[in-house]
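Colleague: Could you build all of it, start to finish, from the sequences and the hints given here?
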Amino acid sequence: MENDFYFRYPSFQDVHVMIFVGFGFLMTFLKRYSFGAVGFNFLIAAFGIQWALLMQGWFHSLDYTDGKIKIGVENLINADFCVAGCLIAYGAVLGKVSPVQLLVMTLFGITLFAVEEYIILNVLHAKDAGGSMVIHTFGAYYGLSISWVLYRPNLDKSKHLNGSVYQSDVFAMIGTLFLWMFWPSFNSAIADHGDGQHRAAINTYLALASTVLTTVAISSLFEKTGKLDMVHIQNSTLAGGVAVGTAAEFMLSPYGSLIVGFFCGIISTMGYIHFSPFLEEKLKIQDTCGIHNLHAMPGVIGGIVGAISAAAATNTVYGDLGLENTFDFTGPFAKRVPTIQGGYQAAGLCVALCFAIGGGIFVGLVLKLPIWGDPADENCFDDEIYWEVRQFLLTFAGN
Amino acid sequence: MENDFYFRYPSFQDVHVMIFVGFGFLMTFLKRYSFGAVGFNFLIAAFGIQWALLMQGWFHSLDYTDGKIKIGVENLINADFCVAGCLIAYGAVLGKVSPVQLLVMTLFGITLFAVEEYIILNVLHAKDAGGSMVIHTFGAYYGLSISWVLYRPNLDKSKHLNGSVYQSDVFAMIGTLFLWMFWPSFNSAIADHGDGQHRAAINTYLALASTVLTTVAISSLFEKTGKLDMVHIQNSTLAGGVAVGTAAEFMLSPYGSLIVGFFCGIISTMGYIHFSPFLEEKLKIQDTCGIHNLHAMPGVIGGIVGAISAAAATNTVYGDLGLENTFDFTGPFAKRVPTIQGGYQAAGLCVALCFAIGGGIFVGLVLKLPIWGDPADENCFDDEIYWEVRQFLLTFAGN
Amino acid sequence: MENDFYFRYPSFQDVHVMIFVGFGFLMTFLKRYSFGAVGFNFLIAAFGIQWALLMQGWFHSLDYTDGKIKIGVENLINADFCVAGCLIAYGAVLGKVSPVQLLVMTLFGITLFAVEEYIILNVLHAKDAGGSMVIHTFGAYYGLSISWVLYRPNLDKSKHLNGSVYQSDVFAMIGTLFLWMFWPSFNSAIADHGDGQHRAAINTYLALASTVLTTVAISSLFEKTGKLDMVHIQNSTLAGGVAVGTAAEFMLSPYGSLIVGFFCGIISTMGYIHFSPFLEEKLKIQDTCGIHNLHAMPGVIGGIVGAISAAAATNTVYGDLGLENTFDFTGPFAKRVPTIQGGYQAAGLCVALCFAIGGGIFVGLVLKLPIWGDPADENCFDDEIYWEVRQFLLTFAGN
Chain A
3 MENDFYFRYP
13 SFQDVHVMIF
23 VGFGFLMTFL
33 KRYSFGAVGF
43 NFLIAAFGIQ
53 WALLMQGWFH
63 SLDYTDGKIK
73 IGVENLINAD
83 FCVAGCLIAY
93 GAVLGKVSPV
103 QLLVMTLFGI
113 TLFAVEEYII
123 LNVLHAKDAG
133 GSMVIHTFGA
143 YYGLSISWVL
153 YRPNLDKSKH
163 LNGSVYQSDV
173 FAMIGTLFLW
183 MFWPSFNSAI
193 ADHGDGQHRA
203 AINTYLALAS
213 TVLTTVAISS
223 LFEKTGKLDM
233 VHIQNSTLAG
243 GVAVGTAAEF
253 MLSPYGSLIV
263 GFFCGIISTM
273 GYIHFSPFLE
283 EKLKIQDTCG
293 IHNLHAMPGV
303 IGGIVGAISA
313 AAATNTVYGD
323 LGLENTFDFT
333 GPFAKRVPTI
343 QGGYQAAGLC
353 VALCFAIGGG
363 IFVGLVLKLP
373 IWGDPADENC
383 FDDEIYWEVR
393 QFLLTFAGN
Chain B
3 MENDFYFRYP
13 SFQDVHVMIF
23 VGFGFLMTFL
33 KRYSFGAVGF
43 NFLIAAFGIQ
53 WALLMQGWFH
63 SLDYTDGKIK
73 IGVENLINAD
83 FCVAGCLIAY
93 GAVLGKVSPV
103 QLLVMTLFGI
113 TLFAVEEYII
123 LNVLHAKDAG
133 GSMVIHTFGA
143 YYGLSISWVL
153 YRPNLDKSKH
163 LNGSVYQSDV
173 FAMIGTLFLW
183 MFWPSFNSAI
193 ADHGDGQHRA
203 AINTYLALAS
213 TVLTTVAISS
223 LFEKTGKLDM
233 VHIQNSTLAG
243 GVAVGTAAEF
253 MLSPYGSLIV
263 GFFCGIISTM
273 GYIHFSPFLE
283 EKLKIQDTCG
293 IHNLHAMPGV
303 IGGIVGAISA
313 AAATNTVYGD
323 LGLENTFDFT
333 GPFAKRVPTI
343 QGGYQAAGLC
353 VALCFAIGGG
363 IFVGLVLKLP
373 IWGDPADENC
383 FDDEIYWEVR
393 QFLLTFAGN
Chain C
3 MENDFYFRYP
13 SFQDVHVMIF
23 VGFGFLMTFL
33 KRYSFGAVGF
43 NFLIAAFGIQ
53 WALLMQGWFH
63 SLDYTDGKIK
73 IGVENLINAD
83 FCVAGCLIAY
93 GAVLGKVSPV
103 QLLVMTLFGI
113 TLFAVEEYII
123 LNVLHAKDAG
133 GSMVIHTFGA
143 YYGLSISWVL
153 YRPNLDKSKH
163 LNGSVYQSDV
173 FAMIGTLFLW
183 MFWPSFNSAI
193 ADHGDGQHRA
203 AINTYLALAS
213 TVLTTVAISS
223 LFEKTGKLDM
233 VHIQNSTLAG
243 GVAVGTAAEF
253 MLSPYGSLIV
263 GFFCGIISTM
273 GYIHFSPFLE
283 EKLKIQDTCG
293 IHNLHAMPGV
303 IGGIVGAISA
313 AAATNTVYGD
323 LGLENTFDFT
333 GPFAKRVPTI
343 QGGYQAAGLC
353 VALCFAIGGG
363 IFVGLVLKLP
373 IWGDPADENC
383 FDDEIYWEVR
393 QFLLTFAGN
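Chains as they are written, first to last, in the working numbering: chain A, 3 to 401; chain B, 3 to 401; chain C, 3 to 401.
Honestly, the hints are just simulated from the structure, not real lab data.
One thing to keep in mind: the hints can contain errors.
No copy is singled out in the list; a pair is fine if it fits within one copy or between any two copies.
Unchecked claim - As a list, the in silico EDC-like pairs of lysine to aspartate or glutamate whose alpha-carbon atoms are at most 16 angstroms apart:
{"no.": "1", "residue 1": "Lys229", "residue 2": "Asp158"}
{"no.": "2", "residue 1": "Lys286", "residue 2": "Asp158"}
{"no.": "3", "residue 1": "Lys72", "residue 2": "Asp379"}
{"no.": "4", "residue 1": "Lys159", "residue 2": "Glu76"}
{"no.": "5", "residue 1": "Lys72", "residue 2": "Asp6"}
{"no.": "6", "residue 1": "Lys161", "residue 2": "Glu380"}
{"no.": "7", "residue 1": "Lys229", "residue 2": "Glu390"}
{"no.": "8", "residue 1": "Lys161", "residue 2": "Glu282"}
{"no.": "9", "residue 1": "Lys159", "residue 2": "Glu380"}
{"no.": "10", "residue 1": "Lys159", "residue 2": "Asp379"}
{"no.": "11", "residue 1": "Lys229", "residue 2": "Glu386"}
{"no.": "12", "residue 1": "Lys72", "residue 2": "Asp197"}
{"no.": "13", "residue 1": "Lys229", "residue 2": "Glu282"}
{"no.": "14", "residue 1": "Lys226", "residue 2": "Glu390"}
Modeller: Here's what the structure looks like:
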């Protein structure tokens, strides 16, 4: 029973479902790009976890002496996390790139992720159990930067396919719900055994619950017709989980989690309504899934909340849960005081942003080479370019 | 490893999937109300768990001295259970109420649930691990009472939308299957550690398996055409899980579970065929999802089976599992003999019924006030009232 | 915490999801047979687990003295495994048999499985944690033999229904992904506690990841148009999990798993492209889901890989995981050397094949009797024979 398998495996499976079903189905919302959404998500995730096991293995073996890569369930979780960054980036370019471009994007993305993560967690000794900085901020700005470089001025040629139909929206809700339900497992999967893991799960659960309410409220209030918009329900309801990623295992109290979730629901939904059009028209960033609203802004907020929580560590009493502070200031950084730790957390956020934007621009330029078979402007968001599509409508010879 | 997290968290996640994917998708069967089914289910569940954590926290803190609300994984499970009652009630009024009405219904529902549960479990000291009485009986009669007060004589104006299409039935099967598969976790989630939890899971598994067979048999035998009806497969297959909710952790033997499941499959399917039309025409109760057949009748049966099992406790030998009786007669009720416990179980069932029907009528009257924006008779079961629906059919500019 | 429940229950639930959602939705790919796919899968699985609990209980009670059937979570897993064999067989005859025929097929299939499994595991003392031989080889050849006996020369009368539409392919991906994600739990569910279970999960994870890459590559390379085929993505991506079933808990190294998965992706996809037409035209075996490519060939490969791994046990160093050999040569076979064990593994594979083909031909002849209400050639692959189908297309009175 001492085997780490029994502590981590249920959380690993939840994270695994998020990566393959959660991300995969969340992107099926486009009316004629469901195969590409779920199929290419499957491809790049399966490719990414193998490359991530190797890359993370090499980096983590730097800390050990025998130089061998060891694989346990914690490494599988880390590989899934690593892949999550690339799948977030996929959301920005969904429907506009070829599978080969996706593989190149993933190859570089995983590599950048491994370096960035090593610097943030092992050099700066920042904490980021749920990956607000390491996964979400990095993944989102990586994807947005690539999308900025690959800007297509004539994308409205395929405008009629850049939207949902009734049933593709229902499919996307499968993705949303599995992401939403298992997010507490995501944020707690590699937290410290026992109370740390317990607390991270509970804080995430609370943040997510309050996000749903503000998302629905804002969606209804700010739409012209007063009706709810499925795009917001599918995406913004998850923003709270992103934003408590860093702080979930800290002494963020239940009320703190609820407040973070409350504001992230507002910010993310407002982002879809007001900021996405601005991003596309002024900054020339075409963001198919709106990852700026779901991952980028909440991720940065999460990094900042994490830095503040860490800096305020000694001053807070985590009364409701009766739990102690989780920082173990052992090893070379044993003497760090909370405010210093807060500074290192903020430094970690900057590292994530630099790697994301710098790496994204570089990879975007690589992907601009005319050798990757990307779709023409009028064929974007269309499965028929890369998939055998037998029949769209359910009609029959007989009737 | 002593942390309760490792005993309860996998079961919690299964229950969480039942609440959000199970209930949400089960209700997507209506041809044009899938957004409302899965979206409003999401809204009221996310709202409900927060309110339930507070309400249950206040009530449970009555038993402690420091007056603080403590949150652990068991509380999250209890909050999900609490919400389950309201989602069951939602099934009766699906498509006929506005989201604001749903929130009001949930607010009162959770409050009534917390009081009722406190009386049944902490005052009467009845046992109800899987909630046949506390969750299913309460939720179902609460919803049916509300639906009775909100009776719409001219509902057949939207009759053409009160039915399924091929693919909405397949979506609903996602809900059915996740409910069916994870029901053993539901009934065992808060059972006693070890053998109690183990036994509750196995008894539920067996009851559910036998329910499927009788549901299919009855559906085929009693339909005029001899064909199977998806409505029965989607709903009645779950009745066995409802009915062993109370008794699952008792000494109900494997054969007992199979027998309970066997009869519940028959009763629930016959309910859909014969009792639902009677309910609508004679009793003026319009029950969109047929919760009377899935939750109300099996819930009451479950309460009765629980009372009988408890009363018969010392006379039964739970030989096949080799497990002991689970009652711990400690505390102020240490001296209760099994027959007395059986009486208290029966009293618990009555409390659940009283709260459900009384509360439901009161809440129904509140919801009848003309201030909640409920849909007109001809707009029932239609997503377009509350949701931006972009396109129904998969047709394109191009073809 | 010593209770086996806490070691096995999370894996059990994953396996349960594979059986009901995984297999059920994988078969929904046919345009007009989704009810039959998910509904009959539900029926025969629910029937099968009850019969399997009894059959396996009787056989396992031979090893004990008190003659009683004991049920614990490990038995539930074994019952699910047993059912998996019959669901694989269902894939070969999907759309061409009546529900009564399916029940007969399951009744005999479970019985044959229980005998075959008892001989392989308890008489020959072969090891087969993930069931490459016991489950996949047996189930696939059992189904193929039945399909051979039930050959329909005029099946092309319902050719227009033997294919997918866009959204049925997306539904099928739900099945594929849940099978793919939870396969590590399947192969490790009954492995030895601790390292054995840990290693089986990791080896399966790696094999599956590499299978996805070769499946996509081969699908794209060998299709005339260079486009990907959803049939391959839905099925061949799972072949690696089948093939490491036997060897997963052995000292198969991570690289060994990757290599097995790599080749199985190639073989399985090539099977769909080249071997399935040959099977139908020359051998007169109509294999609706292509189980020959997904289960039969990878299953046999898995049995062979298992025999080789067992035989090579002492010569390999499982360095990367730092784990010891899992064979415990206790009991009557304590003195077996690895090469002898390898021979017994190979014998196990032969037993599985004999039971499958012999049993399949016998059951096929039984099912050929004209009393089971099977569909006419022109009604194959059509739900309307056995199900009330209300409406196929999403059209309305109003528009």
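Colleague: Evaluate each hint against the coordinates.
Modeller: Now the hints, each set against the structure:
1. Lys229 to Asp158: neither (26 angstroms within a copy, 25 angstroms between copies)
2. Lys286 to Asp158: Close inside one copy (13 angstroms), not across copies (51 angstroms); limit 16 angstroms.
3. Lys72 to Asp379: neither (45 angstroms within a copy, 56 angstroms between copies)
4. Lys159 to Glu76: Cα proximity of Lys159 and Glu76: none, with 46 angstroms in one copy and 53 angstroms across.
5. Lys72 to Asp6: within (14 angstroms within a copy, 28 angstroms between copies)
6. Lys161 to Glu380: within (8 angstroms within a copy, 34 angstroms between copies)
7. Lys229 to Glu390: between (37 angstroms within a copy, 6 angstroms between copies)
8. Lys161 to Glu282: within (14 angstroms within a copy, 44 angstroms between copies)
9. Lys159 to Glu380: Answer is within: at 5 angstroms inside a copy they meet the 16 angstroms cutoff, but 39 angstroms across does not.
10. Lys159 to Asp379: within (6 angstroms within a copy, 42 angstroms between copies)
11. Lys229 to Glu386: The answer is between: 8 angstroms across copies meets 16 angstroms, while 33 angstroms in one copy does not.
12. Lys72 to Asp197: Answer is between; shortest inter-copy Cα gap is 14 angstroms, intra-copy 26 angstroms.
13. Lys229 to Glu282: Cα proximity of Lys229 and Glu282: none, with 24 angstroms in one copy and 31 angstroms across.
14. Lys226 to Glu390: between (39 angstroms within a copy, 10 angstroms between copies)
The earlier numbered hints that this structure contradicts are 1, 3, 4 and 13.
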